[in-house]
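Make the full structure from the sequences, and use the hints.
Protein chains: 2
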Amino acid sequence: MIKVSLVGTGAVSTQLLRVFEKTKLIKVVEVLASRGNFNEAIANDKPEIYIIAVSDDAISEVAKKLKDTNKLVVHTSGSVHLDALPHEVRGGVFYPLQTFSKEREVNFEQIPICIEAKQERDEVLLKKLGSLISKQVFEITSEQRKTIHLAAVFVNNFSNHMFQLASEICSENEVSFDLLKPLIEETVAKLQYLSPLNAQTGPAKRNDQQTIERHLNHLDNKTHKMVYEVLTNSIKETYEKKL
Amino acid sequence: MIKVSLVGTGAVSTQLLRVFEKTKLIKVVEVLASRGNFNEAIANDKPEIYIIAVSDDAISEVAKKLKDTNKLVVHTSGSVHLDALPHEVRGGVFYPLQTFSKEREVNFEQIPICIEAKQERDEVLLKKLGSLISKQVFEITSEQRKTIHLAAVFVNNFSNHMFQLASEICSENEVSFDLLKPLIEETVAKLQYLSPLNAQTGPAKRNDQQTIERHLNHLDNKTHKMVYEVLTNSIKETYEKKL
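If you're matching them up, the sequences are chains A and B in order.
Quick note: the first sequence, position 4, residue 4 per the numbering used here, numbers continuous.
Quick note: the second sequence, position 30, residue 30 per the numbering used here, numbers continuous.
What the hints contain is simulated information worked out from the structure, not anything from laboratory work.
Note that this is a predicted model, so its numbers are computed, not measured.
Be aware that a few hints might be false.
It does not matter which identical chain is meant; a pair holds if it fits inside one copy or across any two.
Stated by the list, open to error - Below, computed lysine-lysine pairings styled on DSS-like, alpha-carbon distance capped at 27 Å:
#1 Lys205 to Lys181
#2 Lys205 to Lys225
#3 Lys236 to Lys225
#4 Lys27 to Lys102
#5 Lys146 to Lys222
#6 Lys205 to Lys222
#7 Lys128 to Lys118
#8 Lys236 to Lys222
#9 Lys225 to Lys241
#10 Lys67 to Lys3
#11 Lys118 to Lys27
#12 Lys181 to Lys22
#13 Lys241 to Lys181
#14 Lys46 to Lys118
#15 Lys146 to Lys181
#16 Lys181 to Lys127
Right under this line is the structure:
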């Protein structure tokens, strides 16, 4: 049985609480609000791990309140270095690589859990915790995590923004965005058997200047035009390099 | 029974042939190579519809060879106007909104089929043909189709390119791109219940300048940097507008 204390009440904390409560060998002994006074709040049933799931900016501040504990203190952020935790604590990282919201329940089994710890025994403990909820647990350094988080911005934030721009283009021209959903699903389904490099299609890849010009003429919005141009050039560059 | 002749041997033609052959009420009487002499090739079993599934540039040329037929002649392109077909023919469009490859079999049932025809009776015929393979058949004008095709470039070509850039960032830093696949899947799964506008997360949406700077510093490649900046600004603009 691993006893954990969750700090924070946001999306990550909510989802971790949900999955931990379903897991026999994990017990959540308390959920602490990040603004609280932890010494008073600490339950009789002592946790082995404090999991700080708060906004990136607040991690250091919150962790300082735990600097006198001899328990493991981890944060859950993709972009914060392990060293952001006070040097006095047994520090670590328990980063589930997924996009979370409070409402939507996610299946943790396939979510990569990226772990890191100052001490080897803590790495073992985090690996054990991770394995209880996911089949995908990886030791990842802070440097690698930084890369993953940056790449995640491209695959999640930026591709979602592509969907947003498409929906703007559709609504400006009175076409339903829903029409595009099967295409979006297939775009992702293709990644199961093709690399993005080999899955690429379209006018930019073909260097079909006529279609590109027609598209640019069809775009009224300045930002839409700029995004189209920059991404078209980036795709062209990708395939020129490979020739 | 609707009898069709397929012109072209690429991905769209291959996939249409596959689904038509599985459909009882459709008969493919011939598959013509676009370079062939159609008069000689025409089978005894006359088609009611010629479906020209060739590259955009070749559509007009190929359709000219059919200008003496009294049958319906349609193309399958998202970006070519109905008027690109010779004015002598009963012209139409039968555009399945999906990304196709020769190898991968797709399920047509959920693929939107966008139809258009010069004559109403032909619209009826195309609607009938479409309904035999898909539950999603829509009458779409050439102008609307232009919009759809442009939006499709954003959701398919451009988001696939985001995956490509992420995979480059991963491999430059010796991290496996596979780690990101569950995140990519969830990004798309979210669209079932959230608009892209509401699904957006990340440093650009939060206007988290510290993380943005850190990401830009971590990117060595000039094009990667430029894409990051342009998309970050476009996301910021989107949410400033909405305030």
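(message) Run through the hints listed earlier and report the numbers of any the structure violates, in increasing order.
(response) none
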